[in-house]
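Chains as they are written, first to last, in this note's numbering: chain P, 1 to 345; chain H, 1 to 345.
Simulated from the structure, these hints should not be mistaken for lab results.
One thing to keep in mind: the hints can contain errors.
A pair counts as met if it fits within one copy or between any two copies, since identical chains are not told apart.
Unchecked claim - Capping the alpha-carbon separation at 27 angstroms, the derived lysine-lysine pairs in DSSO-like fashion look like this:
(1) Lys32 to Lys314
(2) Lys138 to Lys322
(3) Lys236 to Lys246
(4) Lys286 to Lys336
(5) Lys236 to Lys275
(6) Lys286 to Lys121
(7) Lys336 to Lys138
(8) Lys139 to Lys344
(9) Lys314 to Lys71
(10) Lys246 to Lys72
(11) Lys114 to Lys22
(12) Lys32 to Lys332
(13) Lys72 to Lys322
(14) Lys332 to Lys252
(15) Lys37 to Lys314
(16) Lys45 to Lys275
(17) Lys139 to Lys322
(18) Lys246 to Lys322
All values derive from a computational prediction rather than experimental measurement.
Protein chains: 2
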Amino acid sequence: MLRRENTREITVGGLKIGHQDKVVIQSMTNTKTKDVKATVAQIKKLEEVGCELIRVAVLDEDDAYAISEIKKEIGIPIVADIHFNADFAIKCIQNGVDKIRLNPGNIEDEAKIKEVVLLAKSRNVPIRIGINAGSLNKKYERSEVSMIESAKDHIRILEALDFHDICLSFKSSDPLETIRAYRLAADTFEYPLHLGVTEAGTLIDSTLKSSLALGNLLLEGIGDTIRISISDDPVKEVIIAKKLLKACGLYKAVPNLIACPTCGRIQYDMLPIVKEIEEYLYTVDKDIEVAIMGCAVNGPGEARGADIGIAGMKDSALLFKKGQIIKTIAAKDIVKTLKEEIDKF
Amino acid sequence: MLRRENTREITVGGLKIGHQDKVVIQSMTNTKTKDVKATVAQIKKLEEVGCELIRVAVLDEDDAYAISEIKKEIGIPIVADIHFNADFAIKCIQNGVDKIRLNPGNIEDEAKIKEVVLLAKSRNVPIRIGINAGSLNKKYERSEVSMIESAKDHIRILEALDFHDICLSFKSSDPLETIRAYRLAADTFEYPLHLGVTEAGTLIDSTLKSSLALGNLLLEGIGDTIRISISDDPVKEVIIAKKLLKACGLYKAVPNLIACPTCGRIQYDMLPIVKEIEEYLYTVDKDIEVAIMGCAVNGPGEARGADIGIAGMKDSALLFKKGQIIKTIAAKDIVKTLKEEIDKF
Numbered sequence: 001m002l003r004r005e006n007t008r009e010i011t012v013g014g015l016k017i018g019h020q021d022k023v024v025i026q027s028m029t030n031t032k033t034k035d036v037k038a039t040v041a042q043i044k045k046l047e048e049v050g051c052e053l054i055r056v057a058v059l060d061e062d063d064a065y066a067i068s069e070i071k072k073e074i075g076i077p078i079v080a081d082i083h084f085n086a087d088f089a090i091k092c093i094q095n096g097v098d099k100i101r102l103n104p105g106n107i108e109d110e111a112k113i114k115e116v117v118l119l120a121k122s123r124n125v126p127i128r129i130g131i132n133a134g135s136l137n138k139k140y141e142r143s144e145v146s147m148i149e150s151a152k153d154h155i156r157i158l159e160a161l162d163f164h165d166i167c168l169s170f171k172s173s174d175p176l177e178t179i180r181a182y183r184l185a186a187d188t189f190e191y192p193l194h195l196g197v198t199e200a201g202t203l204i205d206s207t208l209k210s211s212l213a214l215g216n217l218l219l220e221g222i223g224d225t226i227r228i229s230i231s232d233d234p235v236k237e238v239i240i241a242k243k244l245l246k247a248c249g250l251y252k253a254v255p256n257l258i259a260c261p262t263c264g265r266i267q268y269d270m271l272p273i274v275k276e277i278e279e280y281l282y283t284v285d286k287d288i289e290v291a292i293m294g295c296a297v298n299g300p301g302e303a304r305g306a307d308i309g310i311a312g313m314k315d316s317a318l319l320f321k322k323g324q325i326i327k328t329i330a331a332k333d334i335v336k337t338l339k340e341e342i343d344k345f
Numbered sequence: 001m002l003r004r005e006n007t008r009e010i011t012v013g014g015l016k017i018g019h020q021d022k023v024v025i026q027s028m029t030n031t032k033t034k035d036v037k038a039t040v041a042q043i044k045k046l047e048e049v050g051c052e053l054i055r056v057a058v059l060d061e062d063d064a065y066a067i068s069e070i071k072k073e074i075g076i077p078i079v080a081d082i083h084f085n086a087d088f089a090i091k092c093i094q095n096g097v098d099k100i101r102l103n104p105g106n107i108e109d110e111a112k113i114k115e116v117v118l119l120a121k122s123r124n125v126p127i128r129i130g131i132n133a134g135s136l137n138k139k140y141e142r143s144e145v146s147m148i149e150s151a152k153d154h155i156r157i158l159e160a161l162d163f164h165d166i167c168l169s170f171k172s173s174d175p176l177e178t179i180r181a182y183r184l185a186a187d188t189f190e191y192p193l194h195l196g197v198t199e200a201g202t203l204i205d206s207t208l209k210s211s212l213a214l215g216n217l218l219l220e221g222i223g224d225t226i227r228i229s230i231s232d233d234p235v236k237e238v239i240i241a242k243k244l245l246k247a248c249g250l251y252k253a254v255p256n257l258i259a260c261p262t263c264g265r266i267q268y269d270m271l272p273i274v275k276e277i278e279e280y281l282y283t284v285d286k287d288i289e290v291a292i293m294g295c296a297v298n299g300p301g302e303a304r305g306a307d308i309g310i311a312g313m314k315d316s317a318l319l320f321k322k323g324q325i326i327k328t329i330a331a332k333d334i335v336k337t338l339k340e341e342i343d344k345f
């Protein structure tokens, strides 16, 4: 099995993917790509929260032409998602796209494929081959083995043209099939792997399925870039990706919020405080651990590793740092004090 | 490593834990236990969504006495969470509790320990020893090895009294430490394991950390009972536990909602429909897969395995079953039609 330190390196507009112990975070816009203003606004928000690579859907010529306008306004590399049309791929590359997602076997005209691939090669534009368990070529029965065979069909076309700037994905909506497919891919290919669970659903469902499947793979050393698919604002995709990488020990500058689940021992209204501090921490780019604990007896001890924490009592709370009690504060000052301490950290 | 089929079996008020390929779902109330009305109301809601075992905090004599009143009203076994007081444990057992959580090494009076353990034995009341990474005995440095050693200290006390109705937990707020500790426990002990990440935080954070850590363990065959700790309504703990077990192939009667993340290809307002159907599915106890897809071109194909699905177009949508298009419906009827089809299934 090839770990991420040993995959082949590709470069996407200056951004390195593969051959390193770092997982690149990406997302996808859900605006009309040809609506340059809306697309740029969304990409800028994504950049702010830590998105490193952005994919846009290209459905027609206007979308392809928009690429050069969008690129002028954003700071991260851009990927064009193209399903079946080689001409759109050519236009995207001519308009400065940094990477394309295209399965070459889906394009029937061989001369066209050759044109796309040679153009991509001359511009150093990598190609992602994206295999989805649910949309395999009809000659295959659905299975992880078929996903690998299908990828080989597409890869052969690129390699025959001496093209090796390739990234691969093997997505399924079933987390267990996703795990099996990527494990087999890491056993089979040297190309970097783009991790994702497809059609993962809502924020909660996708967080669950992605953490289960991609978390498992990440801990095994599999995966060079990641996208968390969520049927929601793409900003959440980036936040969940960062949190998951952090939980796997692969990302530093993300705060971690520890909070006890509350029980019969609680004497103050903890949950609104947790919600407010959770929101606040989304805006903080620090490797800080914050704990909000229900009771003063075990709170500081249980959260000894936290940089800053509070343990609530009846009308007051203990402020602690690294498990040491610093002072007692009034209950009404908990949120304000925590925010101040987070800022000072 | 001992898989769940091979752990020692315990029985909690008729409910079997361990020695089976089934993971028992539990939760904990956050009411005052002595407030019998509120506690019973919360437990009944938890039972409705699939909670199989409920834990309550016992902080004083009134909480202990409330156990017998609560038991009259509920249908699932009840566990008393007791930290340091042997007398409360005795009162809980006398009041009919089905299991206690108590670390015997925390009680200094040896005669008292013996009294508790012999009483528990005579009433067939199992004891859970709960090791938390953050509150180990001060003689230990924090590590998964210390967690195992600490458990051995407590187990020795019970085994010396020929008591073997034991369940063990090894919780940490760090998902990776949680994984390491339970793996080591499965290598060391024959007793059934209660899985959990402690102080896991908000709904999103806990779903992420629990799916990462406990999902990993569940797929390795580790874990006989599970609690997802969430700083929120405990009903959500049970729903996430069910979804995680389902995603791991360990639970059948939970619906699965597949939804694409939406992109520039979308032509209808999909997200409110996804949210409404997600809520509706919480009330459904069926092994059904429902897909809500953004575009009609790939939708039914990508979601071929779904029992029921829709793929949106501009003012209408395709209704499909098992990837076959059944008919076209008006956009305004999507939610109604999906609910009808779910009910019919």
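Here is what the structure says about each hint:
With identical chains, the CA atoms of Lys32 and Lys314 are at most 27 angstroms apart between copies only, with a shortest distance of 14 angstroms across copies and 52 angstroms within one. Taking the closest pair of Cα atoms, Lys138 and Lys322 come within 27 angstroms of each other only across two copies (16 angstroms); inside a single copy the shortest separation is 58 angstroms, beyond that limit. For the homomeric pair Lys236 and Lys246, the shortest alpha-carbon distances inside one copy (15 angstroms) and between copies (24 angstroms) are both at most 27 angstroms. Taking CA atoms no more than 27 angstroms apart as the test, Lys286 paired with Lys336 passes inside one copy only; the shortest distance there is 18 angstroms, against 46 angstroms between copies.
Proximity of Lys236 to Lys275 under the C-alpha cut-off of 27 angstroms is found in both arrangements, the shortest distances being 16 angstroms within a copy and 16 angstroms between copies. Taking the shortest Cα distances, Lys286 and Lys121 never come within 27 angstroms of each other, neither inside one copy (39 angstroms) nor across copies (51 angstroms). When the C-alpha separation of Lys336 and Lys138 is checked against a cutoff of 27 angstroms, the pair qualifies neither within a copy, at 59 angstroms, nor between copies, at 33 angstroms. For a Cα distance limit of 27 angstroms, the shortest separation of Lys139 from Lys344 qualifies neither inside one copy, at 60 angstroms, nor across copies, at 33 angstroms.
Taking the shortest Cα distances, Lys314 and Lys71 never come within 27 angstroms of each other, neither inside one copy (55 angstroms) nor across copies (30 angstroms). In the homo-oligomer, the alpha carbons of Lys246 and Lys72 never lie at most 27 angstroms apart, since the shortest distance is 31 angstroms inside one protomer and 46 angstroms across protomers. Within a single copy, Lys114 and Lys22 get their C-alpha atoms no closer than 33 angstroms, and across copies no closer than 54 angstroms, so neither meets the 27 angstroms cut-off. Within a single copy, Lys32 and Lys332 get their C-alpha atoms only as close as 46 angstroms, which misses the 27 angstroms cut-off; across copies the closest is 23 angstroms, which meets it.
For the identical chains of this complex, Lys72 and Lys322 are neighbours neither inside a copy (46 angstroms) nor across copies (44 angstroms), given an alpha-carbon limit of 27 angstroms. When the C-alpha separation of Lys332 and Lys252 is checked against a cutoff of 27 angstroms, the pair qualifies neither within a copy, at 32 angstroms, nor between copies, at 46 angstroms. For a Cα distance limit of 27 angstroms, the shortest separation of Lys37 from Lys314 across copies, 23 angstroms, qualifies, whereas the shortest one inside one copy, 51 angstroms, does not. Proximity of Lys45 and Lys275 under a CA criterion of 27 angstroms is satisfied in both settings, with 22 angstroms inside one chain copy and 23 angstroms between copies.
In this homomeric assembly, Lys139 and Lys322 come within 27 angstroms of each other (Cα to Cα) only across copies, at 19 angstroms, whereas the closest approach inside a single copy is 59 angstroms. With identical chains, the CA atoms of Lys246 and Lys322 are at most 27 angstroms apart within one copy only, with a shortest distance of 20 angstroms there and 38 angstroms across copies.
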